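Chemist: Read off the chains here:
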Amino acid sequence: MFLKNFDITKPELKASRLGFAEALVDLGKTNPDVVVLGGDVTGSVKTDLFRDAYPDRFFSVGVAEQDMMGTAAGLALAGKIPFASTYGEFATGRPFDQIRQSIAYSEMNVKICASHCGLTVGPDGATHQSLEDVAIMRVLPHMNVITPCDANQTYKVILKCVEVNAPFYIRFYRDNSPNFTAPDAPFEFGKADTLIDGNDCTIMASGLLVWESILAVEDLYKEGINARLVNMHTIKPIDKETIINCAKETGCIVTAEDHQKHSGLGGAVAEVLAQHYPAPVEFVAVNDTFGESGTGKELMDKYGISCKYIVEAVKRAIKRK
Amino acid sequence: MFPNLNNPVFTNIDDLNEIARQIRRDIMNMLLISKSGHSGGPLGMADVFTALYFNKLNIRPEEPYKKDRDFVFLSIGHIAPVWYATLARRGYIPLDELKTLRKVNGRLQGHPAPLKTHGVPGVEIASGALGQGLSIAVGTALGLRLDKKPNHVYCICGDGELNEGQLWEAMMTAGHHKTDNLTVIVDRNYCQIDNRTDKVMELEPLADKWRAFNFEVLEVDGHDMQAVLNCIDEAKAVKGKPSVILAYTKMGRGVSFMEDNYKWHGVPPNDEQGKIALAELKPTKYGDFVDYYAGK
Ligand SMILES: Cc1ncc(C[n+]2csc(CCOP(=O)(O)OP(=O)(O)O)c2C)c(N)n1
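Residue numbers (the numbering used here), protein chains in the order written: chain F, 1054 to 1374; chain V, 995 to 1290.
I should point out that these hints are in silico values taken from the structure, not numbers from a laboratory. These numbers were taken from a predicted model, which means no experiment stands behind them. There could be a bad hint or two in this list.
As the list claims (entries may be wrong) - Per label pair, the in silico range of CB-to-CB distance:
1) F:G1132 x V:N1208: 23 to 31 Å
2) F:D1250 x V:R1054: 32 to 40 Å
3) F:S1346 x V:D1062: 49 to 57 Å
Stated by the list, open to error - Listed below are several chain F residues computed to face chain V (Cβ distance under 7 Å; list not exhaustive):
4) G1127
5) A1238
6) E1241
7) F1343
Glycine included, every Cβ here is placed at the ideal spot set by N, Cα and C.
One chain only, chain F, in its complex shape (with noise of 0.2 Å):
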């Protein structure tokens, strides 16, 4: 799973949204169907690679997010593998609607590709940081939600996401973050990954989360707790068997991701268990507040979605066994 020679005191560093956009420009290669739609925010979510490659192929809606979200539907109908990119929050709480009925309603072949989301754009404030995206794309029926880890894992959900014809969300970041996962590591869309095993409870985590998880077993291993860690990339389809499986192999569950406390991936696997294996939960996530401006590592230290929290977390999670 890991890079080879993996160093965690020394992970390579990569923004994901590279991995989106060096995926685009591949894709645009072998694939003439794939069309990407500009929302005045090109440069920063990288879709400038593709568009000075392929001129033809990307055509610019201004700041209209909403527009951008029909334009995209329409060139579906069309036949185009449309990717409609911008910042999480204008990815999906301004075209809300537009999303909900011309895309998901209509089960439009639309890749909606969000960059800068969660609390790591920082300085930005709490106005751009994207931490209800999750759950308002999960709640749309037809939707497939993805949260990658690193810029190769985003690099291979973008190449996947065109096998599926179907309404994708796809969630990635502006900021450099390790990018630690292999580039030969396979992505299988809707199976989560065990990236590692142990026996005292399992963390199931998404996106950036992935990584200060990997930490915090690191940290757990040194006081005796052999915690697993999974790589719930997909959101939607939720993959049940291996949160079933973990609830019964390690008798309790954390999950941790820099979104929401409700309804983002830590609702998706309370629901889950819920119904299928009650086990206890702790759930590492942003306390139903918004952000504010900083640096992503001071964010992520205040609103309680840093490593340490997840030790914490796995703590309280063991002695409600």
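Keeping the supplied structure of chain F fixed, place chain V with the ligand upon it in accordance with the hints.
Modeler: Frame of chain F; chain V with the ligand shown alone:
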């Protein structure tokens, strides 16, 4: 149904007007049965729908999604009854199905559903939440142009609907990309839910606004069949920019007590009103799909 469905391009203006009247009768009968739905907009647009579906569009009801079809997007999903009646009269769906408007387990949803859910052949995508159709139409037009396809794209919008910001975003996009394979038809009836359009939100100078967004603007009496046909031809011939037809219509056209009255935007006739309406909309040679008053 129609005698010559195999060659359904009607060129005789009297025939087209009679079809439009039959569609208006169908709308009234559908709403009498469903006891819910919109009267005004559908009656007002019956002539434009007839012109499109019985003369102008490149379509084949037996093959609703044929590759070179013209696309029709109904951005104002609430006028679905005129679409359903037109599609039924044109052979896309059984006439008898018109009885199922807004009924549970049926395909004729209150607002058009996508094919995969409850949809009706001929419908491309869901609508109902206003303001979204033009973006979709522009996207389709861009995709078709990319593939050098001949299809023309039509998008039908309301005038009240133009209050929605997304439409102006889409107008900018269409103008910017010069999608001349796109024609917007605005149902300019000066009515919306709350009141007349100038009371709710002034749209004038509307033609100038579209022009300012780089559209070729055409204006037509939406109840003059010959003029509507000519106008659609002119719009299609526009090169280098998208076109818009401001179709001046009357809400509730054909039923005296509904005409030009915004209060008829969203309500069906009751039995008494329906009787008067059907008397005013004289029976046609095509015949009704139901005798609503039989045995009443
Ligand atoms: C986003 C959205 N907001 C509000 C409505 C409710 N609504 C349905 S029709 C309508 C008025 C539309 O006016 P117009 O386009 O002129 O249609 P007409 O009254 O001529 O049929 C409104 C406000 C809606 N369907 N979608």
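Chemist: Work down the list of hints and note, for each, if the structure agrees.
Modeler: Here is how each hint holds up against the structure:
no.	hint	verdict
1	F:G1132 x V:N1208: 23 to 31 Å	holds (27 Å)
2	F:D1250 x V:R1054: 32 to 40 Å	violated (59 Å)
3	F:S1346 x V:D1062: 49 to 57 Å	holds (54 Å)
4	G1127	holds (2 Å)
5	A1238	violated (34 Å)
6	E1241	violated (26 Å)
7	F1343	violated (25 Å)
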